[in-house]
Each structure stands twice: as C-alpha cells, then as structure tokens.
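A.B. asks: This is what each chain is made of:
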Amino acid sequence: AQTVTQSQPEMSVQEAETVTLSCTYDTSESDYYLFWYKQPPSRQMILVIRQEAYKQQNATENRFSVNFQKAAKSFSLKISDSQLGDAAMYFCAYRSGYTGTASKLTFGTGTRLQVTL
Amino acid sequence: EAGVAQSPRYKIIEKRQSVAFWCNPISGHATLYWYQQILGQGPKLLIQFQNNGVVDDSQLPKDRFSAERLKGVDSTLKIQPAKLEDSAVYLCASSLEGREAFFGQGTRLTVV
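Protein chains in written order, with this note's numbering: chain A, 1 to 117; chain B, 118 to 229.
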C-alpha cells in the first residue's frame, strides 16, 4: 500500500518570503501522480499543483513549484512571494497512474501554513 | 462551470441517530468519491463510484455506513447508527476518468 508522510505539522512564513513544505511517499509503482492540495477554513480542497512521475521536469504554477526527487521519493512544495491568502492546510497526495485500478487519492496528514505580516 | 455541491454544510446529531449527506458532482464526471476527514488528519477514502457502480469500498464501515449513486449522478452517504468517532468532515469529490478530482466544501458532522 502507498503511504504519504508530511513531517511538518505547522510552518510559518512572512509575507513576500519563500517557504518549502516537505512530503515523502512510499510506493512500489512506477506510474503515479503526486499532488499538493490547499484546504482553507472553508474546507474545500483546492488543487495547487500536480506532478506526473514519468516527467523529470518539476511542475510550476505561478508562485508554486515542486522539487520532485523520484529516487528519494520526495515531493516538496515551494511557495514564493507568500501572500496572506496562502494561509491554509496543505496536503500532499498520491494517486496510482495505472488504469483499471481505483484512482483514489492517498493523503498525508497535512501542514498548516501561517503567513505573517 | 458549477462545482461539486454538497449539503448540508453542518450537522449535529446524537449518537445512535441516523444522518444522510448529499452530493451532486460536476456535470459529466463519471467518478465520484466520498472521503472522511477526521480532525487533524488527511482525508481517507470511504467509497468510490464509477457511474453507478462501486469501484472501491474497502474502507467503508459497512455495518453502519451505506452509499448509493442512483442513475450515475447524485450520491447519498448515510450513517446509521452514528457513533461519536464518526464526527468528521465528509468530502465529496468527482472527476473525469483518470483525471484530477474536484472537491466540494464538505459536511461537518458532529456526533454528541
């Protein structure tokens, strides 16, 4: 079974600074996807960024980028120029890439990000 | 495009009572998921539907939880009877097959 580990329960960053959230995972599969989701107090899970395991290039979405280290099974999220609206719970998630199997997401326990002035 | 709709947003019930949650997925999304998120944890899959068939319900406590997706669109998740440990946020999500999931705002259930 796949597992996702987020070892930072809480992180804090000053506005306009950069912060990196860590995530490690364990799997025996070679085809999979990794995601970072943001969950604000409204509770809705919002997709921040996704990474296909077969792609060597790290994904980027505006101020959000990942450092995907496949051999180390590490998938960290970097938020640049942090904004007050970035404050939320961030969840790292894994999904198998194989068709014909259940496409459920396996989540980590989350990192609460605080953004200070 | 309308998102995933869930109701109610909040529900408080006494233990041993029953409760039902409703989810309307994004139009055209064949895959529908129900996740349970206990405070301080990441969401955990309860059940996954592909159209109106069950793909994965291995984590669903079938002695008290049930779910259905009639006509492959809306879905209902029921708990009967509820226990204190069922207090959680219940998230519904939908996706096109093989694509990323979009989540609703969830239902916060408190069992007292």
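Be aware that one or more of the hints could be misleading.
As the list claims (entries may be wrong) - For each label pair, taking beta carbons as the anchor points, the in silico distance ranges come out as:
1) B:L213 to A:N67: 40 to 48 angstroms
2) B:S183 to A:I46: 43 to 51 angstroms
3) B:R126 to A:M11: 46 to 54 angstroms
4) B:E185 to A:R112: 34 to 42 angstroms
5) B:E131 to A:K55: 46 to 54 angstroms
6) A:N67 to B:R216: 22 to 30 angstroms
7) B:A137 to A:T116: 25 to 33 angstroms
8) B:L187 to A:K78: 19 to 27 angstroms
Note that these hints are calculated values from the structure, not bench results. Positions of the beta carbon are idealized from the N, C-alpha and C atoms, including for glycine.
A.B. asks: Confirm or reject each hint.
C.D. replies: Verification of the hints:
no.: 1; hint: B:L213 to A:N67: 40 to 48 angstroms; result: violated, 28 angstroms
no.: 2; hint: B:S183 to A:I46: 43 to 51 angstroms; result: violated, 29 angstroms
no.: 3; hint: B:R126 to A:M11: 46 to 54 angstroms; result: violated, 28 angstroms
no.: 4; hint: B:E185 to A:R112: 34 to 42 angstroms; result: holds, 35 angstroms
no.: 5; hint: B:E131 to A:K55: 46 to 54 angstroms; result: holds, 50 angstroms
no.: 6; hint: A:N67 to B:R216: 22 to 30 angstroms; result: holds, 24 angstroms
no.: 7; hint: B:A137 to A:T116: 25 to 33 angstroms; result: violated, 41 angstroms
no.: 8; hint: B:L187 to A:K78: 19 to 27 angstroms; result: violated, 44 angstroms
Of the hints listed earlier, those the structure fails to meet are numbers 1, 2, 3, 7 and 8, in rising order.
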